[in-house]
Amino acid sequence: MDIEFIVDILPRLLNPLKVTLLVSIISLTLGTLLGVSLGMIWVASTPRSFQRLLLNSYVWFVRGTPIIIQIYIAFFLLPKVGLNLDVFWVGVVALTFNSVGYQIEIVRAAIESINQGQWEAAGSIGMTQRMTFFWIILPQSARRMIPPLTNELSNLIKASSVLSVISLFELTKAGDAIIASSFKFAEVLLLLSVLYFSLIQALSAATKYLETEVFNFDKADFESGKTFGQIY
Amino acid sequence: MLLLSVQNLCKYYGSTPALVNINLDVHMGEHVVLIGSSGSGKSTLLRCINYLEEPDDGRIWLDGQYIGGHIDQANQWVKDQPSELAHKRRDIGMVFQGFHLFAHLKIIDNVAIGPRRVLKKSKATSRELARYLLDKVHLGKHADKYPWQLSGGEQQRVAIARALAMNPKLMLFDEPTSALDPRLTHEVFQVVQELANEGITMMIVTHEIKFAQKIADTIVFMEKGEIVEVETVQKIFSDPQDERTQKFLSYVL
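Protein sequence lines correspond, in order, to chains A and B. Take the position in the first sequence, starting the count at 1, then add 513; the result is the number in my numbering. Take the position in the second sequence, starting the count at 1, then add 1; the result is the number in my numbering.
Keep in mind that a hint or two might mislead.
Restraint-style ranges between C-beta atoms, simulated for each label pair [what the hints assert, rightly or not]:
(1) B/G200 x A/S626: 55 to 63 Å
(2) B/A75 x A/Q629: 53 to 61 Å
(3) B/Q150 x A/L596: 49 to 57 Å
(4) A/Q629 x B/S239: 35 to 43 Å
(5) A/A715 x B/D182: 45 to 53 Å
(6) B/P18 x A/F728: 38 to 46 Å
(7) B/S6 x A/S626: 47 to 55 Å
(8) A/F728 x B/S84: 38 to 46 Å
(9) B/D182 x A/S626: 35 to 43 Å
(10) B/D182 x A/A719: 39 to 47 Å
(11) A/L566 x B/E199: 50 to 58 Å
Covered, in the sense of this in silico footprint (three residues per stretch, anywhere, with C-beta under 8 Å from a C-beta of chain A), are these stretches of chain B [to be verified]:
(12) 81-88
(13) 104-111
Since the hints were derived computationally from the structure, they do not count as laboratory data. These figures come from a predicted structure and were not determined experimentally. We treat Cβ as the ideally placed atom computed from N, Cα and C, and that holds for glycine.
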């Protein structure tokens, strides 16, 4: 193992690391905005309605096809419809498209996990459904979305490595280039793993903080019924 | 003066009747307690009055208007839009068996959110009102805690304050103490009694007969989705007319 070599190439991977981080975070953020909106539409729609069928088909497609195919579709299809984006933004579109599929499910599950009594109590003080959703249900669901969204973020960071197939110069692609010129597989792969690992650990710690310190209202997970078990 | 009039109310769950042709009048300042065994339709009646459950037939009239709809010029029944129904619901306060405090809000904001978001009052005014009401239910010192930090009895008193914040014409209590031990039950009933003394109109579903005797003007006994007997509290406990009422009271007295 050539430690000196690893120290040597580290600076050359910092920029690609930034690309990996950016493409994942932007995709997660866009994915959350769209995922929450579409998840709300899912929850508000009736079973067997057109909206729900459409959203379900979307979720099934994303879940049922490999991400590499989704990336190629974005890469070849976007120029066909007149969108000649920079490869970075093609990557964002592909990852966002993928992530929304999973996030619709995350949002739906989080909203449906909120006790029906919260809707009833809000209705009884004269709140409309819309007000109830924004003031009561969404803030409580948000906290429950954080752990699965952390999962999703780590998935996205790792999935972004597949963007090397459309020659986005992110971490994996940069590593590939160094391997091609130096043939030092072990050192490069070790370093890549450590970098991915550290990135994901750091972001997980951040979301854990968000979950326990910022959304710190239901440590006892009050409305899920655990409080009853503890007191009575 | 008549405040609430339930007219020919019917509710079915599938083909099972939950409420059969209910007629009931409640006057301003009256305290009505609904008793009867579980599944007799007491809770369903309360939930229909503020349209948490939509009745299948019949009308709810509250202080000059129908809940859930209105009669147009052509004498036709027109269902309320969701926003109209939400508006009418402000007049009816509801206290639930399971408290259902808003888990993400501090106690003060649980009470203030109605005036703030529904009545669009300023943050300062809403919080001032909330503080006043929390003092009234003896919880002023817990204003800045979260619901999970409170006992069940305290949570239920917050729920009462939350309902009062909308200044409702009618308060509905749906088994408010069924999840509480005797000491916490006492705390909650004390508050309900104080409100009753102030002349707030209320309907209470409860299995606590002693409390019912103390607070009620009128007792409604229900069985199998029907109102069997409506009587003054003195009369029904000393001289129940219907055989079914006699039998039920023989279990609890």
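B/S6 paired with A/S626, Cβ distance criterion 47 to 55 Å
violated, 39 Å
So does B/D182 sit 35 to 43 Å from A/S626, Cβ to Cβ?
violated, 28 Å
Given the hint of 35 to 43 Å, check if A/Q629 and B/S239 actually sit that far apart at their C-beta atoms.
holds, 41 Å
Is 45 to 53 Å respected by the C-beta to C-beta distance linking A/A715 and B/D182?
Holds: the Cβ-Cβ distance is about 47 Å, inside 45 to 53 Å.
CB-CB spacing for A/Q629 and B/A75 relative to the 53 to 61 Å hint
At roughly 37 Å between Cβ atoms, A/Q629 and B/A75 fall outside 53 to 61 Å, so the hint is violated.
For the pair B/Q150 and A/L596, does the Cβ-Cβ distance stay inside 49 to 57 Å?
Cβ of B/Q150 to Cβ of A/L596: about 53 Å, so the range 49 to 57 Å holds.
Return holds or violated for the Cβ distance of B/P18 and A/F728 against the range 38 to 46 Å.
holds, 44 Å
Does the hinted range 39 to 47 Å hold for B/D182 and A/A719 at CB?
holds, 42 Å
Are there three or more residues in the segment 104-111 of chain B whose C-beta lies closer than 8 Å to some C-beta of chain A?
Contact hint for the segment 104-111 of chain B vs chain A: holds, 3 residues under 8 Å.
Between the segment 81-88 of chain B and chain A, are there enough contacts, at least three residues with CB-CB distance under 8 Å, for the coverage claim to hold?
holds (count 4)
Given the hint of 50 to 58 Å, is the C-beta distance from A/L566 to B/E199 inside that range or not?
This hint holds: roughly 54 Å between Cβ atoms.
Okay, A/F728 versus B/S84 on CB: inside 38 to 46 Å?
violated, 30 Å
The structure is inconsistent with the numbered hints 1, 2, 7, 8, 9, although it conforms to all the rest.
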